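> The listed protein sequences correspond, in order, to chains Y and V. Quick note: the first sequence uses full-length UniProt numbering, first residue 1, plus one each step. Quick note: the second sequence uses full-length UniProt numbering, first residue 1, plus one each step.
None of these hints come from the bench; they were simulated from the model. Remember, predicted model here, so these are calculated numbers, not experimental data. One or more hints might be untrue.
[Claimed, not checked] Derived EDC-like pairs (lysine to aspartate or glutamate); straight-line CA-CA distance at most 20 Å:
id, chain 1, residue 1, chain 2, residue 2
1, Y, K176, Y, D61
2, V, K501, V, D41
3, Y, K186, V, D59
4, Y, K176, V, E217
5, V, K81, Y, D61
[What the hints assert, rightly or not] Negatives, chain Y to chain V, calculated, CB over 12 Å:
id, residue
6, N175
7, P233
8, H312
9, S322
Cβ atoms here follow ideal geometry from the backbone N, Cα and C, with glycine treated the same way.
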Amino acid sequence: MTKNLKRLDLIFKNEGDSEAILGKTLARSNEELISDLIASGLKGRGGAGFPTGLKWRLAADDKADEKFIICNADEGEPGTFKDREILTSVPHKVLAGMAVCARIINCRQGFIYLRQEYTYLVPHLNNAIEEFHQLMKKFEVDFQVEIFMGSGAYICGEETALFESMEGKRGEPRNKPPYPTNFGYKGKPTVINNVETLAHTYSIFKYGPEKFRDLGVKDSRGSKVFSVSGDTPIPGIYELEFGMTLQKFVDDFGDGDAKAVQVGGAAGFCVPRKRFEKTIIGYQGKLTGVSLPTGGSMMIFNSSRSMYNVLHNYLDFFVEESCGQCTPCRVGTQQLLMGIQAVKRGERPSTYLDKLLGLAEVMRVTAKCGLGQSVANSFSSIVENFKEEMIY
Amino acid sequence: MSSQVTLKIDSISVSVKQGTSLLDAARSINIKIPTLCHHEDLCVAGNCRVCMVEQKGSDRLLPACAIPASDGMEIHTNSMKVRNARKQILELLVSEHRAECTTCYKSGNCELQELSHEYILGENAFINLIPFKEYTIDYYSPSIIKDDSKCIRCQRCVRTCDQLQNIGALTVSKKGSEMKISTFFEKPIYQVVCTNCGQCVNRCPTGALTEKNYVEEVWSAINDEKKYVVVQTAPAVRIALGEALGIDPGEIVTGKMVTALRRLGFNSVLDTDFTADLTIIEEGHELLQRLKKVLKDKDKNVRLPMTTSCSPGWIKFIEHIFPDFLPNLSSAKSPQQMFGALAKTFFANKIGVDPASMVSVSVMPCTAKKFEANRPEMYSSGYQDVDYVLTTRELALMIKQAGIDFKSLADDNYDSIMGESSGAAVIFGATGGVMEAALRTVYEVVTGREVPFEGLNITPVRGMEGVREATLKIDKALPEWDFLEGVEVKTCVAHGLANAKRVMESVRDGSSNYHFIEIMACPGGCLGGGGQPIPTSPEIRNARSSAIYREDTLKTIRKSHENPEVVKVYKEFLGEPLGHESHRLLHTHYTPRERY
């Protein structure tokens, strides 16, 4: 089952009714709201695709006296630039989502963890937060939101590294379990959601879960904001329904010569032309529409591009952005990079690529966090589909 | 019971307490899962990924050290997937490690080497990363050498320095391929707040952190016919040396060690325990003097509590972190330095050797002693009092180099004049030992009677609890000490600098009111010192501790003031405790240091 490419305007539409919607939502019971979220089928738009309603319920079930809700705005995935647009256009939706979550899980403090490069957004966001605090006062809700600035490390978009960073430590992912809903920021139960996820919760509370669920296919419900870049005449941010084939996407956004699309950024998968027709953009199967840490990146490459250079570029990125604590990620990324260089220069036989594919697979099953685990996505999908370009 | 979970590991059913890691669950049924970043003394890191195991139904592997066992799990520790991952992870580690195993100081006692030997058959398929990187080797400290090219980033040292010692001299800097273990502003170790305790060295799984060794210097001295080489051995060496020479932890090898030292060619084989007894006399009298000045004379210039001063890691710690408490430190030198000062004066004179031609070597369980011997204050004899400090490990190396079959050696006794010691001196090697030894003497000086504990065993100050308190009531004091009548002497014992910090903070904020505090920088005291055989663990330290207290009970003399050679040195040379000669040779002063 595939869907036609359908452009939507749920996220960015601003009808000026947010106070009424928030008031109406807060008047409903926690159980109703969580049921709605679960019924909507909303999954985290940050990468891992964890069901949002379930996440909130897990945090609500923990009886700790102090809890937190954090909006993850550390949008660091190469090729992703949609969260900053959401925070620019509709910050009140994100804040409203946080307020509803706070009420449900019983927390008084929220944070927006903002990517360092988005410092320019701070005055704008603080205005929105100021208005939001007035609204909270009006609704007699004891909930405050603060901005916490990141320091520029990709890894801090990983939720547990983000907590460490907020606690003033090195941004290094923690062992899981325990999970954030029980042991998050400052060791307290914490809901951490991507910017877009929170904005979607607003839409669900406004329009009801059915309308959201009607969009998309199977396990991929609703719409998704995509950052479209690369060899396209119309780069930009687009809200599209889940479930379209990559072929339909390329027909609409490509320049007529697309040979591959990198779905989900450096941590995502590369899909070659021959598989466009069979690839559905969504959470099903191997291919996801999103990827860690902030998804929705669609990079189109036409036939003038060297996929070796594309991969080299991604690996350069990982070699630098790995936190360095776990072996497979720290050393593995270096070996993958130096390995493809050695094959290209003829210093290692082409069969060495098989050794590297094996290494990528080991990294996928042994790395401590999503970063190291997902290096294999781009590495294997590019090497397997464009082997000649790696060698010659 | 609900607090138990049952799972299967390699098809063997096992029940463990809830919260037990998969690693410990496997160990409980004698399945060994290899580890590198894991250490029993430290928190779980889950960094190296060597301990990965497979759970049935799970695509990704699990780090056994970091995942708690849960009901119904089916774990495989040796599946193809596990073996393949483990081997590749080891290959990765080796690819960023300067593997010069034939010349490496740590060879033969290297966990990476051992695992590579087990898992890597043949040449490493990955690219050797070493030639593509720049590494620093920091060999400027007198105690510790840090070679980044051998580091596998397991962060054991970082966790040791932070959790056990609360120092944070070592930390992680940079990220990705440049991530490394570094210091404040990447300064050399000797320029940062490092106590030289060497606990990091004890826990480093490779040759990245080692003690600076002086083996060649000592061989040269021994082989120089113009030199007269004396050696002293610390209390904690004799109960651990065997471990480095194929003997189980907890065996006392004093006699064999003495034989071995003679065989190595040392001219006089003497005992730090002798000056440990002397320390008790000096420090004990200093305590009594302070008590008198504070309690009787109401002298505001004299500080209590008095703290011990024999652990050089602790000394450097207090100089950096609590410099305002330096007046609380006993001015008594450590036994090593008392020994050094006497060796080139009293002893040289006795045996008719020119102190200029004397080389004084000490064997210590400690890396900070190397720093201590180099302190500018330690020249009381007119020469450097102690020339070279060897760790227990270095001595073991020399014994191996000399081709001595240690296990088969016959026992021998120390030379006389500075070789006799009491049980009180032996227990210096364990946390609480200095306190116990001091109390045995002080109580007797004040009351004329032995401490009121069965067999002189002051058990309340013993044990492995991080901070221990004990009170000793003075009963029927002699007339000279009547001001102490009925006084409850409050004592405190702490080991590991994190615990030392807690105690000193309680002193600073007034929440404690101790008279006397013993602090040892290392966990377990000297027996767990940074110069002791590797590995270390709570179990090993307990075995060493039992050996120390066993050695104490085997001694005919149990109290420092009854050591006949100590009595003699006062009669013939020093005069009286805290006297002029004592002050010149056996006491010192301390230097406030920066916190950064």
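> Compare the structure with the hints numbered earlier in the document and write down the numbers of the violated ones, lowest to highest.
3, 4, 5, 6, 9
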